[in-house]
Amino acid sequence: MNALHEQFIVEARELIQQATDDLIVVEREGAEFDRIDRVFRAFHTLKGSAGVVDMPPMNLTLHAAEDLLAAIHAGKLDASPAVIDQALACLDQVSRWVDDFEARGSLPPRAGDDARAMAERLRELLSANAPDQRTKPGRASSVLGSGDALPEWVSGLVESQRARIFRLTQEAPAELHAVSYEPHAGCFFNGDDPVQLMRQIPNLLAFRIEAREAWPPLAELDPYACNLRLQGVSAGTRAEISNIFRLLPDQVRIIDVPLAALRLEKGRRTRDGDTAALIRTVIEEQQEVLRFLNQSEEDFVGRIGAAARAASNALRHGLLADLAEQIELASTAALASRDAAPLLAAIDRALASLAGGLPAGEAEGALVSESAGSPAAEAERPAGRSLRVDESKIDALVNLAGELIVQKNAFAHLAKRVEDEVPGHELARAVRREQASIERLAGEMHASILQLRMVPLSHVFRSFPRLVRDMSQRLDKTVALVMRGETTEADKTIVDRLFEPLLHLVRNALDHGIESPGQRRAAGKPESATVTMQASRAGDRFVVEVIDDGRGIDPEIVRRKARERRLLATDELAALSDEQALDLIFSAGFSTAAEVSDISGRGVGMDVVRATVEQIGGRVSLSSRVGAGTTVRLDLPMNIAMSRIMVVGAGGQVFGIPMDAVTETVRLTPDRISRIKNNDGFVLRDRIVPICSLAELMSLPASPASGSDARLLVVTEMSGKIAALEVDAIRDRLEVVLKPMQGLLSNARGYSGTTLLGDGGVLLVLDLKELLP
Amino acid sequence: MSVRRQDDGSVVLDGNCPVEEAEALLQMLQATPAAPLDWTQCSHLHTAVLQVVLAARPALIGPCGDRWIEQWVASNAL
Chain X
1 MNALHEQFIV
11 EARELIQQAT
21 DDLIVVEREG
31 AEFDRIDRVF
41 RAFHTLKGSA
51 GVVDMPPMNL
61 TLHAAEDLLA
71 AIHAGKLDAS
81 PAVIDQALAC
91 LDQVSRWVDD
101 FEARGSLPPR
111 AGDDARAMAE
121 RLRELLSANA
131 PDQRTKPGRA
141 SSVLGSGDAL
151 PEWVSGLVES
161 QRARIFRLTQ
171 EAPAELHAVS
181 YEPHAGCFFN
191 GDDPVQLMRQ
201 IPNLLAFRIE
211 AREAWPPLAE
221 LDPYACNLRL
231 QGVSAGTRAE
241 ISNIFRLLPD
251 QVRIIDVPLA
261 ALRLEKGRRT
271 RDGDTAALIR
281 TVIEEQQEVL
291 RFLNQSEEDF
301 VGRIGAAARA
311 ASNALRHGLL
321 ADLAEQIELA
331 STAALASRDA
341 APLLAAIDRA
351 LASLAGGLPA
361 GEAEGALVSE
371 SAGSPAAEAE
381 RPAGRSLRVD
391 ESKIDALVNL
401 AGELIVQKNA
411 FAHLAKRVED
421 EVPGHELARA
431 VRREQASIER
441 LAGEMHASIL
451 QLRMVPLSHV
461 FRSFPRLVRD
471 MSQRLDKTVA
481 LVMRGETTEA
491 DKTIVDRLFE
501 PLLHLVRNAL
511 DHGIESPGQR
521 RAAGKPESAT
531 VTMQASRAGD
541 RFVVEVIDDG
551 RGIDPEIVRR
561 KARERRLLAT
571 DELAALSDEQ
581 ALDLIFSAGF
591 STAAEVSDIS
601 GRGVGMDVVR
611 ATVEQIGGRV
621 SLSSRVGAGT
631 TVRLDLPMNI
641 AMSRIMVVGA
651 GGQVFGIPMD
661 AVTETVRLTP
671 DRISRIKNND
681 GFVLRDRIVP
691 ICSLAELMSL
701 PASPASGSDA
711 RLLVVTEMSG
721 KIAALEVDAI
731 RDRLEVVLKP
741 MQGLLSNARG
751 YSGTTLLGDG
761 GVLLVLDLKE
771 LLP
Chain B
1 MSVRRQDDGS
11 VVLDGNCPVE
21 EAEALLQMLQ
31 ATPAAPLDWT
41 QCSHLHTAVL
51 QVVLAARPAL
61 IGPCGDRWIE
71 QWVASNAL
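Respectively, the protein sequence lines represent chains X and B. Using our numbering, the first residue of the first sequence is number 1, and each one after it goes up by one. Using our numbering, the first residue of the second sequence is number 1, and each one after it goes up by one.
For the record, the hints were derived by calculation from the structure and aren't laboratory data. Watch out, some of these pointers could steer you wrong.
[As the list claims (entries may be wrong)] Over 12 angstroms on every C-beta distance to chain B, these chain X residues come out as not near it, computed from the model: (1) Leu-88; (2) Gln-161; (3) Leu-197; (4) Leu-218; (5) Glu-220; (6) Arg-625; (7) Arg-633; (8) Glu-696.
[Unchecked claim] Chain B stretches covered by chain X per the calculated footprint, using a threshold of three residues with CB under 8 angstroms from any CB of chain X: (9) 2-12; (10) 26-36; (11) 46-53.
All values reported here derive from a predicted model rather than from experimental measurement. Even for Gly, the Cβ is constructed at its ideal location relative to N, Cα and C.
Kindly produce the complete structure, drawing on both the sequences and the hints.
Here's what the structure looks like:
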């Protein structure tokens, strides 16, 4: 999988998502020109990218879909639910192909048949609804012969042996020279053998021999009149080459080949030497799009944008960021002046530069001088442009910043020692001051690096309109989905992990929460139900709520089910408040659905929701009013990179305990501790708390505690279970970057990770959930 | 003679083919434009001879015995 393919996969998914979103909006709010145009452009760009990776089935399908959208665009076809369904189905199909392509690098064998069937269905809609379907506004999808735009013979030569030239320059970067040799017609009589001279060129990488003038009929051919042009590209030095042709300087041209011509392939050990050709194909297609540009205004803006985006992306694929930037600048100019000419010119220059005829720098100069007269020349780059960075790179940065925090803690440690050990306050104060400013800087840096990992919740929210639409169709319920606060940001890991729990909650709401339209009418509610997903920030945490206005959950039914499933004894159940009874829904093995449905009855209960949310440091709670609806509330941390821990000593070692598990610390005299069965325990505010010795749990020698000493206990509470850990000492409370256990230790149970201490030691942080019996 | 005609009518380039052979080759190809040209045995081709081949474009029996020509000319231009 090369970089171009990877880029394609990422982008195809984005485009599919975008098109899906827009289609749903079209269905809900009508086929406004802008919306259809957005969908159309997404399909168009998708088709363009499919061409780059050479997937004809995808092209075929998307082409048919494009025609359909064009008909809607032109007002010749209504965006009926059937049409939207089919367009969505088409996106699903394409999405599956993208998955296949990612997994296997190719499409499954049946892709061709699927594509034809899908295209046929799309076309059927077109012919059924609109007799006149030849509506392709200002768009031609044919690809120009890629040679058309390549003026220079050098580029042709380089092109012919691109893979080979690239390989060689990778292994041993060298200057490249192109030679064009046009021998005099009478050269044979001078004893010249032009081919022999070409044979002597060192490190020949490409060669071409052709007729200068078209060949005459064979009968009229003069075998001793040389009518040849010989051209080659060599990695030899200019001196070596000049030396070979020193006797005929008038017949030879030697040209330096700018490395820009090869840059396409730099840094990418690609198998296919035709990446450049593919990029050129994409750009040329954009050129074509622009040439046939419809003059209508919205259309204009849309196409300029789409074409510039496709072209600049293609160039970025080829690591030609400078050219891509020029295209983007030109597109801004084109939009400002409402004239495609600047963009077309930039594309032409890019093509020329791609062909090696013009180094990128020169192209830039040309752009500047040409557009200097227009006011758009000063136009800034479009704002809000984002940079796509590999997640692992960000993670590396997060780790480094984490280490820096640790180092900062070590420095604080040192500053304290200086204060204690060095007499005189001057030095200590200076060290303190430096330490404080480093602490501040490191903190700020860490925070802004963590900020890099923050993504808006819209990343997970955006899949829901489609899901809700499909589910409500299947359930014959009318449901409007309202989303709020999707710009709330949180760490990517958390946002990604939220999808499953939210999906489950939304499914539950639709399947169990919301009544059928008939029932709603009978209950005096509007037939159309509302499911709200809303996110909001609360300090260093955020809250996501899934709210439905359905039938609500009756605590009595929950109690009955719990009894049937023997989750709790009858008297215990009776003692529960309604709120506590509702919380039973999150117990393992509980399901209120009378029957298993194909929407939510997949054997995954609310207990999984709770478990998943707790894994990322969150909490779930539920409130419900019978007849009025249910709200499930997820309370989550914004990021999981920093954890607060308490450092304790036990059995001569130190361990970390996550602070979120600790409720309090108590010091108990032996008389307050009683023996309950085999265990020590004590009573804390009317609850019996079992005592476990941490040293014992860790199989360490217990410290020789005298019978009369007070015992130090850390009281912890994890998922409702309370326990007290007996420790020898409580040291610090720290904010640390927790690293997962690695290597041989990765399977060790009972630890949630390690962190470096200020004095350089490694601290093991305990996973109390696993550790406590 | 490095240019000769086989009994089956095909033209053969054999060994070193210097500049003078261009004329002979051209005459043979002019006489029978459809005759195939076997250049597997040719060890070195002069530009003038190559030019005749390029202009006449006979059906070639390859690979060309001159490896440089085979690499750079036969695979691209012909």
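Status of each hint after checking the structure:
Remark: the non-interface label on Leu-88 (chain X) is consistent with the geometry, its nearest Cβ contact in chain B lying 49 angstroms away (cut-off 12 angstroms). Here Gln-161 (chain X) does not stay apart from chain B, with its beta-carbon only about 9 angstroms from theirs, under the 12 angstroms limit. With a closest Cβ-Cβ approach of about 9 angstroms to chain B, Leu-197 (chain X) is found to fall inside the 12 angstroms limit, against its non-interface label. With a least CB separation of 5 angstroms from chain B, Leu-218 (chain X) falls inside the 12 angstroms interface cut-off, contrary to its annotation.
Distance check on Glu-220 (chain X): its Cβ comes as close as 10 angstroms (rounded) to a Cβ of chain B, failing to clear the 12 angstroms threshold; non-interface status is violated. For Arg-625 (chain X), the non-interface assignment is confirmed: its Cβ lies about 81 angstroms from the closest Cβ of chain B, beyond the 12 angstroms cut-off. The Cβ of Arg-633 (chain X) lies farther than 12 angstroms from every Cβ of chain B, with a closest approach of about 71 angstroms, so its non-interface assignment holds. Under the 12 angstroms C-beta cut-off, the non-interface status given to Glu-696 (chain X) relative to chain B holds; the minimum distance is some 79 angstroms.
For the region 2-12 of chain B, the stated coverage by chain X is violated: 0 residues have a C-beta nearer than 8 angstroms to a C-beta of that chain, whereas at least 3 were required. For the region 26-36 of chain B, the assignment as covered by chain X holds, since 4 residues bring a beta-carbon within under 8 angstroms of that chain's beta-carbons and 3 suffice. Under the rule that three or more residues need a Cβ within less than 8 angstroms of chain X, the assignment of the region 46-53 of chain B holds, with 6 such residues.
Taken one by one, the earlier hints fail for this structure at numbers 2, 3, 4, 5 and 9, listed in ascending order.
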